[in-house]
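Asks: Single-letter residue listing:
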Amino acid sequence: EAGVTQFPSHSVIEKGQTVTLRCDPISGHDNLYWYRRVMGKEIKFLLHFVKESKQDESGMPNNRFLAERTGGTYSTLKVQPAELEDSGVYFCASSQWVSGPRTGELFFGEGSRLTVL
Amino acid sequence: RKEVEQDPGPFNVPEGATVAFNCTYSNSASQSFFWYRQDCRKEPKLLMSVYSSGNEDGRFTAQLNRASQYISLLIRDSKLSDSATYLCVVTPTDKLIFGTGTRLQVFP
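Taken in order, these protein sequences are the chains called A and B.
Each residue of the first sequence is one higher than the one before, starting from 1 at the first, in this note's numbering.
Each residue of the second sequence is one higher than the one before, starting from 118 at the first, in this note's numbering.
Read the hints as simulated data drawn from the structure, not as lab findings.
Ideal placement from N, C-alpha and C gives every residue a C-beta, glycine not left out.
Check the hints yourself; a few may be wrong.
Stated by the list, open to error - Computed spacing ranges between beta-carbons, pair by pair:
{"no.": "1", "chain 1": "B", "residue 1": "171", "chain 2": "A", "residue 2": "3", "range": "29 to 35 Å"}
{"no.": "2", "chain 1": "B", "residue 1": "131", "chain 2": "A", "residue 2": "54", "range": "34 to 40 Å"}
{"no.": "3", "chain 1": "B", "residue 1": "176", "chain 2": "A", "residue 2": "76", "range": "38 to 44 Å"}
{"no.": "4", "chain 1": "B", "residue 1": "145", "chain 2": "A", "residue 2": "20", "range": "38 to 44 Å"}
{"no.": "5", "chain 1": "A", "residue 1": "99", "chain 2": "B", "residue 2": "143", "range": "20 to 26 Å"}
{"no.": "6", "chain 1": "B", "residue 1": "222", "chain 2": "A", "residue 2": "38", "range": "19 to 25 Å"}
{"no.": "7", "chain 1": "B", "residue 1": "157", "chain 2": "A", "residue 2": "2", "range": "19 to 25 Å"}
{"no.": "8", "chain 1": "B", "residue 1": "225", "chain 2": "A", "residue 2": "80", "range": "47 to 53 Å"}
Okay, chain B solo, but in the shape it has when bound (with noise of 0.2 Å):
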């Protein structure tokens, strides 16, 4: 079993939809969770952290729930630019776990 989860997608929305992604992970003794960005052929970049009591920045919405180890991120107003790869993390040590990486693409 991996050790996050996120389901490949790809997710085709039109612009201003809202869409939400979510992620399970295994290790309970994960400290910390982000969502990261990734654009084709770029870098992974921070998007935001996630944290029990959810978060939002701006048009993005993260929530963790740590009973059910799962993670989600929630986009309203989606515009063309939020087309990218969405990658779940969590860091139940020093390191970064990744998921597998969400694909959206918002089209016109």
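Chain A with its partners taken away, still in its complex shape (with noise of 0.2 Å):
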């Protein structure tokens, strides 16, 4: 069975220019979340996706993230315009349940990392 997957990989833009993540999670995956992990800092959750629709989104940094999930399965977040502060590793996750989180029921992908020159 094919895990999270995330795309591209590694991404390197300049300040201001616009860059969208995908995530494809594990197929009948309801739940997909982003989270980031800023160099020298915590990973940070950013939101949760049920199925199509935003469940929590307290963690969106700002209102250059936007975060769309259309019919409830891949997802992209898109930095516009991108700021040397985004800079960091964008991780997707996804859980076949809400409670995922609190079973430890989720599973993460590689990561994007993204690099704000």
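Since each chain sits alone in its own frame, please combine them into the complex, following the hints.
Replies: Rendered as structure tokens:
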């Protein structure tokens, strides 16, 4: 069974440009999460989708970040315009159950590394 | 104050050594507790859940002290392959709260 896949694995852009990260969750997983790790800091929650609906977007840093999950399958996270402090690794995770984070049944992708110059 | 505090290390230990990591968490409403492992430039992977009664998985033992809001991980008979960053994770709600991680390097 395919795991959570993310694309691109690494993106280097200049400040002010736009980047779109994509996440394909495990098939059948309704719950999709985005997390981010900025260098030297802990991994932090960004938002949670249940199917195509945003369940919790309390971790989104500001309105330069837009996440979508049309059709409840894959998700995209767009950063526009990118700033230097957006550099980091963006992880996507999926779970079959909304309780996945509490039961440990949460599966991460390898992450998309974003470098903003 | 961070929600989950961990000593970042690194802990450099020889093969065969026993090593212990600790973390503290601030939210007393936290319901679930985990240790995740993250290899360099890889995704975090669940290592084990942590229960109040303490639990063991092979060479790994995890303990939770709710009164002190303290979690520990003990690794016995360290292997080279144990070298990684160990992330303490708590879930006060339906999202994971990570510590910054403790880096372990096992040398021959």
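Asks: Range hint 19 to 25 Å: satisfied by the CB atoms of residue 157 of chain B and residue 2 of chain A?
Replies: The hinted range 19 to 25 Å holds for residue 157 of chain B and residue 2 of chain A, with Cβ atoms some 23 Å apart.
Asks: If I claimed the Cβ atoms of residue 131 of chain B and residue 54 of chain A lie 34 to 40 Å apart, would that claim hold in this structure?
Replies: For residue 131 of chain B and residue 54 of chain A the Cβ distance comes to about 49 Å; the hint is violated.
Asks: Does the Cβ pair residue 222 of chain B, residue 38 of chain A satisfy 19 to 25 Å?
Replies: Given about 23 Å between the Cβ atoms, the range holds.
Asks: Take a look at whether the Cβ-Cβ distance between residue 171 of chain B and residue 3 of chain A falls inside 29 to 35 Å.
Replies: holds (30 Å)
Asks: Do the Cβ positions of residue 225 of chain B and residue 80 of chain A conform to the proposed distance bound of 47 to 53 Å?
Replies: Holds, since residue 225 of chain B and residue 80 of chain A (Cβ atoms, about 48 Å apart) stay within the stated range.
Asks: Between residue 145 of chain B and residue 20 of chain A, does the C-beta distance stay in 38 to 44 Å?
Replies: Taking Cβ atoms as reference, residue 145 of chain B and residue 20 of chain A lie about 39 Å apart, which means the hint holds.
Asks: Mind checking the hinted window 38 to 44 Å against the Cβ distance between residue 176 of chain B and residue 76 of chain A?
Replies: holds (41 Å)
Asks: Regarding residue 99 of chain A and residue 143 of chain B, is the given constraint of 20 to 26 Å on their beta-carbon distance met?
Replies: holds (22 Å)
Consistency with the previously given hints fails for number 2 only.
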